[in-house]
Every structure is written in structure tokens, then in C-alpha cells.
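Participant: As given, the protein sequences belong to chains R and W, one line each in that order. Heads up, the first sequence is in numbering that gives the first Met the number 0, so the first residue is 0 and it goes up one at a time. Heads up, the second sequence is in numbering that gives the first Met the number 0, so the first residue is 0 and it goes up one at a time.
Careful: at least some of the hints might be erroneous.
To be verified - Covered stretches of chain R (chain W as the covering partner; in silico rule of three or more C-beta atoms under 8 Å from a C-beta of chain W):
#: 1; segment: 152-163
#: 2; segment: 169-182
#: 3; segment: 199-209
#: 4; segment: 264-278
Stated by the list, open to error - The calculated lysine-lysine pairs, modelled on DSS-like cross-linking and capped at a C-alpha distance of 30 Å, are:
#: 5; chain 1: R; residue 1: 190; chain 2: W; residue 2: 278
#: 6; chain 1: R; residue 1: 91; chain 2: W; residue 2: 173
#: 7; chain 1: R; residue 1: 196; chain 2: R; residue 2: 295
Keep in mind the hints are simulated off the structure, nothing from the lab. On a predicted model such as this, the values are computed, not experimentally measured, just so you know. Every residue, glycine too, gets a C-beta built ideally from N, C-alpha and C.
There are 2 protein chains.
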Amino acid sequence: MSLSIVGSVAFDTLFTPEGTREKILGGSAVYSAIAASNFMSPAIIGVVGKDFHDEKLAILSKRNINIEDIQIAEGNTFHWTGSYLEDINSAKTINTEVGVLGSFKPRFSDTNAKSKILFLANNDPEAQMEAIRQSQSKLIAMDTMNLWINIKKEQLMEVVAASQIVFINDEELKMLTGGYNLISAAKNLMKLVSSVKYLVLKKGEHGSAIFGRDEREYFTIGAYPLDVVKDPTGAGDSFAGSFLGYLADKEICWENLKEALIMGAVTSSFTVQEFGPDKLLGVTIYDIEQRKEQLKKYLAL
Amino acid sequence: MSLSIVGSVAFDTLFTPEGTREKILGGSAVYSAIAASNFMSPAIIGVVGKDFHDEKLAILSKRNINIEDIQIAEGNTFHWTGSYLEDINSAKTINTEVGVLGSFKPRFSDTNAKSKILFLANNDPEAQMEAIRQSQSKLIAMDTMNLWINIKKEQLMEVVAASQIVFINDEELKMLTGGYNLISAAKNLMKLVSSVKYLVLKKGEHGSAIFGRDEREYFTIGAYPLDVVKDPTGAGDSFAGSFLGYLADKEICWENLKEALIMGAVTSSFTVQEFGPDKLLGVTIYDIEQRKEQLKKYLAL
């Protein structure tokens, strides 16, 4: 019942139609770990620079996130600047200061190397491969982003080929497969890579879906309806984190995977309601359960 | 238990990634009437030119569609040329030969004027308004397209203000309201126009949703998963036609509206599997029921 998350711990500078934030807490591992921490105590395997203040690490510890494998390296923390001004549903990278993430090599404690689930949150596929080499987890899940599909597709496909669960958004799935039909793209990717048992498709405001290898294993849900999306950053990360955190102490069967998808949808709907992880940090399992019941009413046949 | 459909009866020339078709049967009223005819016997109120062959009308009669209010006028039938080569989810108009549709003024027989439901399928808002003036239906439903939002928005809003059910796709809803969030756009439109009791949002491959005036009245479903979409033409029309045909002999209550949405999703999934109405014409209520059960399995919580 353990989950090790390898990914970025970052500063984010964000521009959305609802406002601007400078150098706030961010990163794929941060969002997914906070989301997962509603269900269990996940570990982050990552790196920060000397400019990353202890109180930011304390925010994570307070959520019962194990931070012993977050290295503190000479240099600056990874800093991403992104904009959603043109399209609220699609992040545009304005600037990337790679900092200490550029030479990041994940290092696992003995306990974290033996976690039930290894989650490779969005990160350089080479760091993801290194994590795969060190981990003894039986279940590997991964996520990525358009950048890696563009510049490191070959290495990325190696990571996919070592994974059992793939999280991907609609734009990335089309990029990765070259198809324009999401259903056939998902099926083709799973045909191509036999290790992948489940593909989780994230479609933002349009909801999500999970594909299994069996034709009957397809399940799709709408997103929780929100009038205002302040900042979509971390939605996908917290979707995956919640999905995996929920599954960490459960049997990996179709019924539990369906419920995990709903948990992911609900948790990420909180994420986008405020800038950065502000809202997510205040969310409790009670909030999640309540919104889950509401979402189920909207989806009930 | 009757449904009168005012809309275009047309020739379509189509370009999709899956092929090309020239001057095949099309039109908003045609697609919606064929779809509705799985549940009851709808009437078309429309116009064709002298170039529209009797055997095409016979295709409609054979599906138990009442064609007595299809006028045959001097001139050519409306001919739309559209392309989905750039984006399979969004039609691009290449050419429009308006023909007899340009001076179309709907004329209702006494029976058709008294139908339970009047459906204003996509058409010039001025023709839609004329239909509203002539009809005695208690329930008016309407659809439109980006063209009318661009060039006749004011007249279109008059049609909206006379309707109880609005069918609209995601792109059109954003255009019409100027918003980028679909949920708030839908709510804003309903706030603005108090006549509208239900808004049906069509999102193509991303599914559909229905909004009522009560906060609790929201229901969203994924699309039936298809590997191949040959031609999206008529998907929205057959969605609406099936939705209304299903409702024609039923009480307009939330449970029936939810089922109607599923019927719309299922029927339109057949439409897009072949060019024009080819597939839709061969569909039976048995096919619809079978696929509905399958879709419900994919959506069941």
C-alpha cells in the first residue's frame, strides 16, 4: 500500500485569464503527491535547489508526504513559466529554467524502491528510465507532456514499454500516435506496446476515459462541471496522483480502476479552482467524497 | 405524439479524410427526420428544387416520414459543399448554392401545424421565425450553426427566445456567448433567455450534456466509442432528431430527457460511420437498442 512518485518539484510562474502568479510551488511530483495524500502517504523522489525554502518542504510533510528522497542540490530549483491566455485548455510554455532538474538522477531509499506502485510523473524520459532501473515496484504508471514527445520520443517510448498504466491527454495521444481519432489512437498505442494494461485518457473539461486490453474494458466520464477554471496547472498530475493513491491499498481490478478514475476527476476539479496547489492543499477526503457523490449524480444513468 | 421538423433538404458534396462524395442526399431536416423515424412518424416542412428526384423523396416516405409539406419549387435544390480535411470535428464550408432555399417560406398543413413538438433544425433564423408564427406547437426546439451566429445573431436570438429546448455544439456555444468555459456559457445563455428550459450541448467525440434550469439538472455522457468516423455530416441533426423523436410520445420529465440524450448519442454514432445518411437509413430501432445497452455498459458507474 505504498506509492513512490518520481517527478519535478518546481517553481511555477503562471498567466491565466483569471490572473498571474510568480514563482509559486509547483511541479508534477508535488501536485500528484498532494492529491495522493488524501488516500495514503506517498513519497516524492525529486530534486530542488538551494533556493527552495524549508517551509515549502514543510507544506508537503504536513500532508504526510515522505520527502526523504527529495535531494537538495547546488543551484536553482526548476522554474517553469506558462500561459493559458490563448487557450485555457492548453498550456503554452513561455520559459523554462531547468536548474538542478537538468542533471537530476533519482535516488530511492530502500523502502521507496520497494513501493507497490511507482509513478513516473511528467519528467525527462531519461530520468524516468533511471527510476525504472532502480525501482523494484511491480506496477509502473507514467505520464508525460508534449515537449518529450517532440524532442525525446524514442526514449519516451521505452518508458511506455516498461509501464502498465499510461496517463496521457488527448492532444498528446494524437501527437504520439499521429492519429486524429482518440479511440483508435488509444487502441493502436496499446496494440503497439503490450506491457500497457490500462490507458487513462485525460480530456480536461471534456472528462476522461480508461481503456483496458479487453474490448469490454472501456469507461468514460464527464468532468465535474465548474463555472470558473482559474488555473489548469497540475490538473493532470493531481488526476493521476489521486487515481494511484486511491488504488495503492486496493486490488487492481476493473471496478476499482473505474472508481479510481472518478477519484481522479474529482480531485483535479479542486486543483483548477485556484492558482497553483492552493485549493488542493486545503482539500480533505471528506471534500472529495462529497463532490464524488455530486459528480455521480450528474453521471448516473 | 407528433413532431414537425422545419429545415433544409439538400444535396451535399463532402470531403473527409476517408473519401469524397458528390451531391448526395443531405440537409438538417433530412438527417433529423430519418433519426426521429426510428421512434415515430415525423413530418418535414421544407423545400426542394426541380432537380430533386422523386426517388430521393421516396427514400424518406419509406422511413414513414411525412413529406406532404416539402414544397417543390422552380430552381435548384440547396447544395452545400463542405470539408473535414483540416479537422474531422469541424466542418469547413467550401461552397453554398442556396437555390430554392433562399426564398423558402415554410408552409404547414393543419395537422403538421398542430404537432406536439416543433423542431427548427438548422436553417436561416428568418425561416425559423416564420415557422414559429405558423405553428401551434406547445414545445419548440431549435438548432443552428456558426454561419447564423456570424451573420444573423439578432434574429437567431429571437428564435432562441421562442424556444424551450436549444441544441448547440461547443464551438457555437462559445461563439454565441463569448465565453471560453462551456459550463458558465450554458448557464449564462439560460439566464439570459428565460424561455429555454433545457440546453443540449453536443460535443462530437467528447460526448454530450443536458442542462436544466434547476442546479441539480445536469447530465453528461461520453460518445459511443468509434474507431473510424467516415463523415460527421448530420451527426448533430440526427442527435436532435432522435432525442425529439424519442420524446414525442412521452412526458417531458428529467428521466425521459436523460434517456433522450442517450438515444441521441447512439443514433448519431451510426450516422458518422458512413457517408451521408447511408448508415442511418439502414438502422432499425433494434440496432439502436442494442448499441444503447452497450453504451450504457461503458457509462455505468
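Participant: Is the Cα-Cα distance between residue 91 of chain R and residue 173 of chain W 30 Å or less?
Facilitator: The hint holds at about 21 Å.
Participant: Are three or more residues of the segment 152-163 of chain R within 8 Å, CB to CB, of chain W?
Facilitator: violated (count 0)
Participant: Count the residues of the segment 264-278 of chain R whose CB lies closer than 8 Å to any CB of chain W, then report whether that count reaches three.
Facilitator: Violated: only 0 residues of the segment 264-278 of chain R have a Cβ under 8 Å from chain W.
Participant: Within a Cα-Cα threshold of 30 Å, do residue 190 of chain R and residue 278 of chain W meet the stated pairing?
Facilitator: At roughly 28 Å apart (the allowed maximum being 30 Å), residue 278 of chain W and residue 190 of chain R satisfy the hint.
Participant: If you count the residues of the segment 169-182 of chain R with a beta-carbon closer than 8 Å to a beta-carbon of chain W, do you get 3 or more?
Facilitator: holds (count 4)
Participant: Does the alpha-carbon distance linking residue 196 of chain R and residue 295 of chain R stay inside the 30 Å limit?
Facilitator: 26 Å, holds
Participant: Quick check: the segment 199-209 of chain R, covered by chain W? Criterion 3+ residues, Cβ under 8 Å.
Facilitator: Holds: 5 residues of the segment 199-209 of chain R have a Cβ under 8 Å from chain W.
Hints 1, 4 from the earlier list are contradicted by this structure; the remaining hints agree with it.
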